[in-house]
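Protein chains: 4
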Amino acid sequence: MANTTKINVRYNETDAMGVVHHAVYPVWFEMARTDYIKAIGYSYSRMEENGVMLPVTGLSLKYKRPAKYDDDVSVTVRITRLTPARIEFAYTITRCSNNEILVVGESAHAFVDASTFAPLNFKKAMPEFFSVLEREAQKDIQE
Amino acid sequence: MANTTKINVRYNETDAMGVVHHAVYPVWFEMARTDYIKAIGYSYSRMEENGVMLPVTGLSLKYKRPAKYDDDVSVTVRITRLTPARIEFAYTITRCSNNEILVVGESAHAFVDASTFAPLNFKKAMPEFFSVLEREAQKDIQE
Amino acid sequence: MANTTKINVRYNETDAMGVVHHAVYPVWFEMARTDYIKAIGYSYSRMEENGVMLPVTGLSLKYKRPAKYDDDVSVTVRITRLTPARIEFAYTITRCSNNEILVVGESAHAFVDASTFAPLNFKKAMPEFFSVLEREAQKDIQE
Amino acid sequence: MANTTKINVRYNETDAMGVVHHAVYPVWFEMARTDYIKAIGYSYSRMEENGVMLPVTGLSLKYKRPAKYDDDVSVTVRITRLTPARIEFAYTITRCSNNEILVVGESAHAFVDASTFAPLNFKKAMPEFFSVLEREAQKDIQE
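Chains as they are written, first to last, in the numbering used here: chain B, 1 to 143; chain R, 144 to 286; chain C, 287 to 429; chain P, 430 to 572.
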């Protein structure tokens with residue numbers, strides 16, 4: 001099921017244009033992924049303890065309107081694809097005060113071995129976590 | 144003509160995976176764009192003095208291998224599209240020590256009025272700068 | 287009255303040592319200041335609308351223990367000095383799970399004109415806001 | 430001997446005040462330390478390969494004037510104190526175009542074991558590197 005993270009814009013996230021710098025939004029995507037995984041009962045930390053990392057392999061963003069200092073924004077994330085080797089997420093960032101869509105985007109990730117960065121089969125590495133992800137992915141893709 | 148910027152990886156650009164955080168590469172793209180514009184005799188600052196800003200409207204990245212602390216990397220940038228309203232760039236980041244390609248990506252930008260953020264016709268706003276960009280874009284697209 | 291802000295550590299705030307990079311803590315101080323000012327009924331944005339900015343003129347930090355990825359930390363801030371020209375804050379950052387003190391620090395700020403950066407008399411610029419700050423500062427200094 | 434690092438201000442280092450955000454300067458200090466250590470023939474990476482890390486234990490900054498986007502700044506660093514357990518540096522950041530001093534500051538560091546973060550005796554851990562530091566520290570303190 002899609003999950004939403006609330007963020008208040010920090011001063012250092014703005015730039016001399018007076019708006020949030022474009023390289024900040026991928027950080028917010030990451031926070032939303034982190035919360036998504038917590039919301040389904042797991043965590044990145046627990047993956048790392050199991051020797052699994054989930055680096056970003058692809059990222060794309062469309063910037064529609066800028067966020068500003070002290071804006072409350074919400075980042076909604078859902079899974080768009082899941083295999084034992086890869087996972088993909090889609091994101092929508094909106095300004096809470098007026099529901100304007102600010103940024104939409106996608107990220108792709110590979111499940112890798114934390115010490116060698118070699119690809120691994122996540123379904124085998126953490127079978128219970130994988131089946132929870134699979135169940136959520138099905139809901140997300142239907143939404 | 145494509146232009147190349149050299150960057151030495153800063154410690155704060157790494158994360159707990161021991162490699163450069165994925166949200167840093169868009170910052171390096173921006174540095175390369177800045178240098179490109181300087182290499183052809185202009186600057187962002189001069190655009191801003193003329194009331195023009197060039198916000199990012201789209202961004203995409205493919206992450207192939209991670210950069211590490213203290214790596215020297217080079218970011219090569221070229222123009223892939225230019226109209227009076229928009230400009231697009233493509234980037235290749237390589238590790239200098241072994242010429243491995245680390246990240247490739249693209250960015251799209253709109254020419255806007257610095258005070259209103261409304262779209263503007265850059266060919267009319269700064270005609271000489273536009274014609275220099277046009278000349279470079281032709282070279283870049285042929286490369 | 288001292289105010290406390292809760293922060294969950296972001297992945298990009300860590301570095302290759304596996305802990306939060308030392309340049310991140312001043313950002314957390316700033317968030318705590320922002321929340322302090324909100325807690326007493328005002329905001330930085332409102333100061334800026336009134337043509338006042340509050341740049342940092344001095345900063346000091348003692349690092350005792352590192353925060354780690356996904357830690358919940360709390361930043362407690364109080365005013366230590368207030369004049370019509372200047373304000374100073376003190377901060378304590380603790381890890382919520384075990385109450386360990388991680389970082390302590392102080393910041394000094396000048397009230398300046400937002401367009402010229404020239405010093406200004408904040409008691410004259412925003413008298414009601416100044417008197418609220420004065421009341422809070424008295425409580426904080428007694429604590 | 431004091432060493433100087435040149436830095437060109439990145440767009441993302443500015444904030445909505447139109448100047449460099451105050452939390453960026455500690456990053457520039459770190460770059461200057463890194464270059465200092467390279468200038469005397471060593472590197473952080475080599476320390477880490479020898480199981481030594483050098484976390485920041487204290488930091489202080491005085492902000493005199495702001496740096497702006499695209500400014501070229503120079504960061505001069507020298508050692509102010511050295512023992513087998515600790516090292517301290519002092520920094521001066523100036524704007525290259527007019528030699529204005531922008532920020533001055535100091536940092537304190539402990540030599541620690543990279544795996545346990547326990548204090549270690551650096552003179553014993555890397556005796557040759559320590560004696561080079563000692564020689565440089567003497568010059569710096571006399572300057």
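Source of the hints: derived by calculation from the structure; they are not laboratory data. Honestly, I wouldn't trust all of these hints.
[Stated by the list, open to error] Short derived list, chain C residues pointing at chain B, Cβ under 10 Å:
1) Thr290
2) Asn294
3) Asp321
[Stated by the list, open to error] Calculated Cβ distances over 12 Å to all of chain B for the following chain C residues:
4) Pro312
5) Ile326
6) Ser331
7) Asn336
8) Leu368
9) Thr369
10) Ala371
11) Ala376
12) Val390
13) Glu392
14) Ala396
15) Pro405
16) Val418
17) Lys425
[Claimed, not checked] In silico DSSO-like links for lysine-lysine, alpha-carbon gap of 30 Å or less:
18) B:Lys68 with C:Lys354
19) B:Lys124 with B:Lys6
20) C:Lys348 with P:Lys491
21) P:Lys552 with R:Lys149
22) C:Lys350 with B:Lys38
23) P:Lys552 with C:Lys425
24) B:Lys68 with P:Lys491
25) R:Lys181 with B:Lys64
26) R:Lys211 with C:Lys410
27) C:Lys354 with B:Lys124
28) R:Lys205 with B:Lys123
29) C:Lys409 with P:Lys491
30) C:Lys425 with C:Lys409
31) R:Lys149 with B:Lys62
32) B:Lys38 with R:Lys149
33) B:Lys62 with R:Lys266
34) B:Lys68 with R:Lys282
35) R:Lys207 with B:Lys123
36) P:Lys497 with B:Lys68
37) C:Lys324 with P:Lys497
38) B:Lys38 with C:Lys425
39) C:Lys350 with B:Lys68
40) R:Lys211 with P:Lys493
Cβ coordinates follow ideal geometry from the N, Cα and C atoms, glycine included.
Hint-by-hint comparison with the structure:
1. Thr290: Hint violated; C:Thr290 Cβ to chain B Cβ min 15 Å, cut 10 Å.
2. Asn294: holds (8 Å)
3. Asp321: holds (9 Å)
4. Pro312: Incorrect as stated: the minimum Cβ-Cβ distance to chain B is 9 Å, not above 12 Å.
5. Ile326: holds (16 Å)
6. Ser331: Violated: least Cβ distance 5 Å, not greater than 12 Å.
7. Asn336: holds (15 Å)
8. Leu368: holds (21 Å)
9. Thr369: holds (23 Å)
10. Ala371: holds (21 Å)
11. Ala376: holds (19 Å)
12. Val390: holds (20 Å)
13. Glu392: C:Glu392 clear of chain B: closest Cβ-Cβ about 18 Å, beyond 12 Å.
14. Ala396: Given that every Cβ of chain B is farther than 12 Å from that of C:Ala396, nearest at about 16 Å, it holds.
15. Pro405: C:Pro405 clear of chain B: closest Cβ-Cβ about 21 Å, beyond 12 Å.
16. Val418: Since the minimum Cβ distance to chain B is about 19 Å, C:Val418 lies beyond 12 Å and the statement holds.
17. Lys425: Holds: least Cβ distance 25 Å, greater than 12 Å.
18. B:Lys68 with C:Lys354: Given pair B:Lys68, C:Lys354 holds - Cα atoms ~28 Å apart, limit 30 Å.
19. B:Lys124 with B:Lys6: violated (33 Å)
20. C:Lys348 with P:Lys491: Judged against 30 Å, a Cα distance of about 16 Å means the pair holds.
21. P:Lys552 with R:Lys149: violated (35 Å)
22. C:Lys350 with B:Lys38: Since the Cα atoms of C:Lys350 and B:Lys38 sit roughly 29 Å apart, the hinted pair holds (cutoff 30 Å).
23. P:Lys552 with C:Lys425: Violated, at roughly 48 Å.
24. B:Lys68 with P:Lys491: Since the Cα atoms of B:Lys68 and P:Lys491 sit roughly 28 Å apart, the hinted pair holds (cutoff 30 Å).
25. R:Lys181 with B:Lys64: holds (28 Å)
26. R:Lys211 with C:Lys410: Between R:Lys211 and C:Lys410 the Cα gap is close to 52 Å, so the pair fails against 30 Å, i.e. violated.
27. C:Lys354 with B:Lys124: holds (28 Å)
28. R:Lys205 with B:Lys123: holds (24 Å)
29. C:Lys409 with P:Lys491: Cα-Cα ~24 Å, so holds.
30. C:Lys425 with C:Lys409: holds (19 Å)
31. R:Lys149 with B:Lys62: Holds - the C-alpha atoms of B:Lys62 and R:Lys149 are around 27 Å apart, at most 30 Å.
32. B:Lys38 with R:Lys149: Between B:Lys38 and R:Lys149 the Cα gap is close to 39 Å, so the pair fails against 30 Å, i.e. violated.
33. B:Lys62 with R:Lys266: This hinted pair holds, its Cα atoms lying about 24 Å apart.
34. B:Lys68 with R:Lys282: violated (38 Å)
35. R:Lys207 with B:Lys123: holds (23 Å)
36. P:Lys497 with B:Lys68: holds (20 Å)
37. C:Lys324 with P:Lys497: holds (29 Å)
38. B:Lys38 with C:Lys425: Since the Cα atoms of B:Lys38 and C:Lys425 sit roughly 39 Å apart, the hinted pair is violated (cutoff 30 Å).
39. C:Lys350 with B:Lys68: Status violated; Cα separation ~34 Å.
40. R:Lys211 with P:Lys493: violated (34 Å)
Hints 1, 4, 6, 19, 21, 23, 26, 32, 34, 38, 39 and 40 from the list above are not met by this structure, while the remaining hints are.
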